[in-house]
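There are 2 protein chains.
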Amino acid sequence: MKASILTIGDEILNGTTIDTNSAYIAKQSVANGIAIAGIYSISDSYNGIYEGLEIAGKNADIIFITGGLGPTKDDITKQALANFFKTELCFNASVFEKIESYFKKRGNKQVELNRKLAMIPSSAELIPNDKGTAMGMRFVQHDKIYISMPGVPNEMRYMLSNYILPKIASEKNLPTILNKYIMSAGIGESAIYEKIEDIEASLPPGTTLAYLPNLGNVKLRLTTTVNEDSAKAIANLSAIQSEISQRIAQHVYSFNENESLAKCVGDLLIKKKMTLSTAESCTGGYISHLITSIPGSSAYFEGAITAYSYDFKEKLLGVSNKTLNTYGAVSEETIQEMTRGLLKKLGTNYGIAVSGIAGPGGGTPDKPVGTVWIAVGNKNEVKAKCFSLTNQREYNIKISAQIALNMLRNFILENES
Amino acid sequence: MKASILTIGDEILNGTTIDTNSAYIAKQSVANGIAIAGIYSISDSYNGIYEGLEIAGKNADIIFITGGLGPTKDDITKQALANFFKTELCFNASVFEKIESYFKKRGNKQVELNRKLAMIPSSAELIPNDKGTAMGMRFVQHDKIYISMPGVPNEMRYMLSNYILPKIASEKNLPTILNKYIMSAGIGESAIYEKIEDIEASLPPGTTLAYLPNLGNVKLRLTTTVNEDSAKAIANLSAIQSEISQRIAQHVYSFNENESLAKCVGDLLIKKKMTLSTAESCTGGYISHLITSIPGSSAYFEGAITAYSYDFKEKLLGVSNKTLNTYGAVSEETIQEMTRGLLKKLGTNYGIAVSGIAGPGGGTPDKPVGTVWIAVGNKNEVKAKCFSLTNQREYNIKISAQIALNMLRNFILENES
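Protein sequences, first through last, are from chains C and V. The first sequence begins at 1 in our numbering and counts up by one. The second sequence begins at 1 in our numbering and counts up by one.
These aren't lab readings, by the way, just hints derived from the structure by calculation. There could be a bad hint or two in this list.
Heads up, the list lumps identical chains together, so a pair's fine if it works in one copy or across two of them.
Listed next, the in silico BS3-like pairs over lysine-lysine satisfying Cα-Cα at most 25 Å (straight line) [claimed, not checked]:
| id | residue 1 | residue 2 |
| --- | --- | --- |
| 1 | Lys-315 | Lys-273 |
| 2 | Lys-105 | Lys-367 |
| 3 | Lys-273 | Lys-344 |
| 4 | Lys-58 | Lys-385 |
| 5 | Lys-322 | Lys-219 |
| 6 | Lys-131 | Lys-398 |
| 7 | Lys-219 | Lys-27 |
| 8 | Lys-272 | Lys-345 |
| 9 | Lys-315 | Lys-379 |
| 10 | Lys-345 | Lys-315 |
| 11 | Lys-27 | Lys-195 |
Bound conformation, chain C alone:
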């Protein structure tokens, strides 16, 4: 089963909007056993849409269309659809009623515009829009299914997941696609490959493994197609997942797709009823931001001190003037004192400290841009490490935060055993 995606919108063609709808539709389709043959973005014009429908229909059984619906663009898209499917626009009373009641609630009375919005190609089967006013439409022509959806992402996503894909899956008797994930940190793509090369080489037919790296962490995705015995397929995929995990054991932090290290660390702290605080210099509050982005983080996160200046490292974290002047702010001695000072001052069970030169300025021959000290600890022990990162400020900040969270995860686990 093959699909294509047609996105309608001048804002995509002039580069103002990045087309994220297509990636969403593609991902959901692939997860349902539908391959994507092509993605086509065309202009909000009659000819653009008509030609787009011809191109998108060429190599596909299903054509997903987004955009071109809504108050200002509606006419052209619906007229193009009506002509392409050799049908006519008709006033639809129930659609009109729905639009009227939606806008009345918002104090808006545009009867004429609403009447226009309620003109629907007569051969369309309507798809409910639970998040807005523009209805979805489904057409069938020469055995191909054409689905027109609004371009507003949350409306489109809800419609696709709740109405469109379930119907296609049941009609077309699609195979089930199973995915299992391994979220890893502190190990690179090629190092993982070396450790699991033999497992990958002997994957059963129809099962694939993808390496998806992001900011120093690697997501592994195992995929298989289930035709008959789904319990057996799940068990088989789980066995492979577990075999791979054992090879890179200490690097695996979750089996949930896209779970963040901040969430993983938070769950560990909740389980152990422990608390955390951070002392940040070059990361400037970014680690604290990642931790507090997790709902419920107030249960374990008490606070953070961003100490950018020497003065504040002394005043807020109790780093000694002598240490700063002898070894500098980016040194093992300072990072140790920052961590101990933080734990003493804030009294949390665990602490993270970071001090480095994020760049682009501030480097010296001894300590070039990208030199970053990271420490994690509790009242008994502080572990500090030095990293040589890049000359990109934003990247250095973000990767340092991931390294720090992973160091804390390992520290908590080591202290557990």
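Based on these hints, arrange chain V on the given structure of chain C.
Relative to chain C, chain V alone:
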């Protein structure tokens, strides 16, 4: 002059990668007076590429192609290009030398692979790649220009801006497109529209105005096409920019495209030789992160305290126990004490404080999720305001940070006069 964009890559078709290259190419093309007729994403396969070239060439004078180059995918793409342009793959000695020296520096000796990478369709004019090994290629067929670029974003961007677009602009004698920007904060799209409706209605022919909102701030973009007298066109556009700015004067923070509020506040502080610190509760260090993301921020930013718990608001910021227990952490009394405590403790010239309920949990009937107090001040005065935001945690954190930075900007400017 019309162009189309063809992106090659299975990772786009299965939804793993969002196609950001197309938006970049589209934006740069439009800025050079080239309209985009369509964007097409197709698979890493011979047939996909060959058909893609046919479709993309249909309504366009220029066809930008990205992806499909590089060690693993190279063969198929180059073979498809060679056949499409009725030419042959030939070994290119100078390309081979370049690749050899690139990989030798990295201790990598794959002579056979390098020979394959150096096979180039013989009718291609090569385009230098200053950021990597895969060369760009330019073909001309039936008066249409086809440009093949690597898919790695920084390689493609450098090549496009430094070699490809300048050459097309000079060959095709393209009109110059002029843009002027107004970055505004603290005012919505429709409020701006009401204030400048008459200016917009009387824009000269060929001049357009776009409203581009992002996280509470609105970027205004004025665009005009210059055919002859460019000095006059610049003067005319500047006059309109200045007329619009006067109508929304206190909301305009920059005329530089995409300048952030954090950068604008930083520049103000540098100019006045003043310092800043922040006290954050619900924003959890995000404001501190935005400020310290600006290179050179250590000149004015001293530090930040994220005080998540009651205890830490007392211990680190000196908020009184009585205030917290009487009014709660999310109250005017607490935010006032947080700001004064911060300024006293850290001794900076200015301070920002935020305390609120980011959600999804923690709301009460009196103080529902989305209630956020924000204050800015110096030793003489603290200004505090309460906002009713949404039930989306991430959005609340990000919009609060923008509001706080804009409040500080206004506060600094008011104190100046």
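Right, here's what the structure says about each hint:
no. : hint               : in the structure
1   : Lys-315 to Lys-273 : between (30 Å within a copy, 22 Å between copies)
2   : Lys-105 to Lys-367 : between (62 Å within a copy, 24 Å between copies)
3   : Lys-273 to Lys-344 : within (19 Å within a copy, 34 Å between copies)
4   : Lys-58 to Lys-385  : neither (57 Å within a copy, 57 Å between copies)
5   : Lys-322 to Lys-219 : neither (44 Å within a copy, 49 Å between copies)
6   : Lys-131 to Lys-398 : between (34 Å within a copy, 23 Å between copies)
7   : Lys-219 to Lys-27  : within (16 Å within a copy, 32 Å between copies)
8   : Lys-272 to Lys-345 : within (22 Å within a copy, 33 Å between copies)
9   : Lys-315 to Lys-379 : both (20 Å within a copy, 19 Å between copies)
10  : Lys-345 to Lys-315 : both (11 Å within a copy, 9 Å between copies)
11  : Lys-27 to Lys-195  : neither (28 Å within a copy, 43 Å between copies)
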